[in-house]
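Novice: Going down the list, the protein sequences come from chains A and B. Under this note's numbering, the residue at position 25 of the first sequence is numbered 25, and the numbers go up by one with no gaps. This note's numbering runs 1000 ahead of the 1-based position in the second sequence.
It is possible that some hints are incorrect.
[To be verified] Computed spacing ranges between beta-carbons, pair by pair:
hint, chain 1, residue 1, chain 2, residue 2, range
1, B, Pro1054, A, Pro43, 19 to 27 Å
2, A, Asp183, B, Ile1145, 26 to 34 Å
3, A, Ala14, B, Asn1094, 41 to 49 Å
4, A, Ser64, B, Ile1104, 33 to 41 Å
[What the hints assert, rightly or not] Taking beta-carbon pairs under 10 Å as the criterion, some of the chain B residues facing chain A (in silico):
hint, residue
5, Ala1027
6, Phe1061
7, Ile1111
8, Asn1159
Everything labelled a hint here was simulated from the structure, so no lab data went into it. C-beta atoms are modelled at their ideal positions from N, C-alpha and C, and glycine is treated no differently.
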Amino acid sequence: MEQNRRGAQASYVALTIFIAVWIFMPSAVRRLNREAFTEFQAPAMHLVSKSRDLARFWELKSRSSEDMAAAGRDLARVNAALELKLADFEDVRRENKRLRKIDSYTVPADYMSVVARVASRDSSSWWNRIVIRKGRNDGIRPGAPVVFGNSVVGRVTAVHLTTSEVDLVTSPGFRCTAFLEGDEQNRIVLVNGLAGNSLRAPQARISVIPVDYDERVGQVSKVYTTGMGGVFPSHLILGTVDLESQATKPGVSFKEGRLNPVRDLYNLQEVSVLVPLHQNPGEALLDQFQ
Amino acid sequence: MGWAWLILLLATYPWLLGADLATDMLAGVGAIIFISGACIIAPCRRLRPIQAVPFAACIGFLFEARRPIPDGALAITLVAASIFLTANKPLLRNTPRLLRAAIITNTLACIAWSIAVTIALDTSQGARPATPWVQFILQVSLATILGAAAYLPISLVQNFAMDRIGIPPAADTP
Chain A
1 MEQNRRGAQA SYVALTIFIA VWIFMPSAVR RLNREAFTEF QAPAMHLVSK
51 SRDLARFWEL KSRSSEDMAA AGRDLARVNA ALELKLADFE DVRRENKRLR
101 KIDSYTVPAD YMSVVARVAS RDSSSWWNRI VIRKGRNDGI RPGAPVVFGN
151 SVVGRVTAVH LTTSEVDLVT SPGFRCTAFL EGDEQNRIVL VNGLAGNSLR
201 APQARISVIP VDYDERVGQV SKVYTTGMGG VFPSHLILGT VDLESQATKP
251 GVSFKEGRLN PVRDLYNLQE VSVLVPLHQN PGEALLDQFQ
Chain B
1001 MGWAWLILLL ATYPWLLGAD LATDMLAGVG AIIFISGACI IAPCRRLRPI
1051 QAVPFAACIG FLFEARRPIP DGALAITLVA ASIFLTANKP LLRNTPRLLR
1101 AAIITNTLAC IAWSIAVTIA LDTSQGARPA TPWVQFILQV SLATILGAAA
1151 YLPISLVQNF AMDRIGIPPA ADTP
């Protein structure tokens, strides 16, 4: 017993020394340690995620022929409805093409799209993030924008060999400039993730909204990326703006609103990572220091 | 058995992975299933300090690796807890005491990483929850409940693993 206590005293001294060493240790060592533990867990996450895919596959495969026939009938009906919609979209496409020509809008060609499956989701009051099943081996780089269709999901914050961590739009660490739909002067607003409350859907905040900006009556206004800063291509949808809860105070030049993401960020199965083909100035600067 | 702690870590890992999967499922409501503190109790009862310390450190680092927590915050807390527990084995004499230790350790570890992450994260606009104390209390309360609920099943697996690798059972009067 006495020996135990003496041993513990020595351990406490060793712990104190270790904490002191840990604090002054080069950040590279700590990063290496974190990286090692992340890589240790990566295969398990891959396995779990792929097992889910396999379970889904067998679930679908085990359906009876009657179920399949019913599903086929439903699909035929949906197809018929979609055929009609397609015709509408064709008109929209033509108009879009014409408008693009008028505005000389060019779709960013300096990005490479990498489609990745979502391996896990993790959220708390202090962070909202997902882990995707693509990493450094697939050419993903930190800071790359992550999208689903034409809507922004978030930004890659950490890249490992086979996995990457993505900070979602609603994560407190996320920041981006944006334009509001319906603002003729295209004034820039700031979007940043909001530390959310547990048991509530995560949200983001839109700040620096000009006081004279009003939502169009009866319509939901979208929030678009500006393309400034070199991270996000322009005109991607960040979400919709919600100004209802904001009361304009006298003497205040700007107001704030809530950003409601257009997608349910915690039910995404796949996302696209837009990896810039060329190194941006920030990355070049980092390379110089490393 | 110098490497007993590593084998025990591998035996414990499925529980940590299960907790991560549960966190994944609850991501929409922002709840973290935290059981790292409860995982170190049974090993601290039977392992020597030199084995319990790296075990606790690895448990901490595994949790930290997947979350934006300051490096070493949880690992050091769990190491300190493991040193205290291995030096005071009478505190882990019977099941009620073990359960109490699991609850306290899990709660303290949760408090430690919550405080660390609050201090470390950007404190500018938007980085703090609207009701930080409520969030903090909710997360810590969840950790307390989980410490109580998860200890027994985890310790069953850990004790089975320790029996298989030949670690002597804990003395009744340490």
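Novice: Compare the structure with each hint and give your call.
Specialist: Hint check results:
{"no.": "1", "hint": "B:Pro1054 x A:Pro43: 19 to 27 Å", "in the structure": "holds, 21 Å"}
{"no.": "2", "hint": "A:Asp183 x B:Ile1145: 26 to 34 Å", "in the structure": "violated, 48 Å"}
{"no.": "3", "hint": "A:Ala14 x B:Asn1094: 41 to 49 Å", "in the structure": "violated, 30 Å"}
{"no.": "4", "hint": "A:Ser64 x B:Ile1104: 33 to 41 Å", "in the structure": "violated, 53 Å"}
{"no.": "5", "hint": "Ala1027", "in the structure": "holds, 4 Å"}
{"no.": "6", "hint": "Phe1061", "in the structure": "holds, 5 Å"}
{"no.": "7", "hint": "Ile1111", "in the structure": "violated, 14 Å"}
{"no.": "8", "hint": "Asn1159", "in the structure": "violated, 21 Å"}
Going through the hint list in order, the structure does not satisfy hints 2, 3, 4, 7 and 8.
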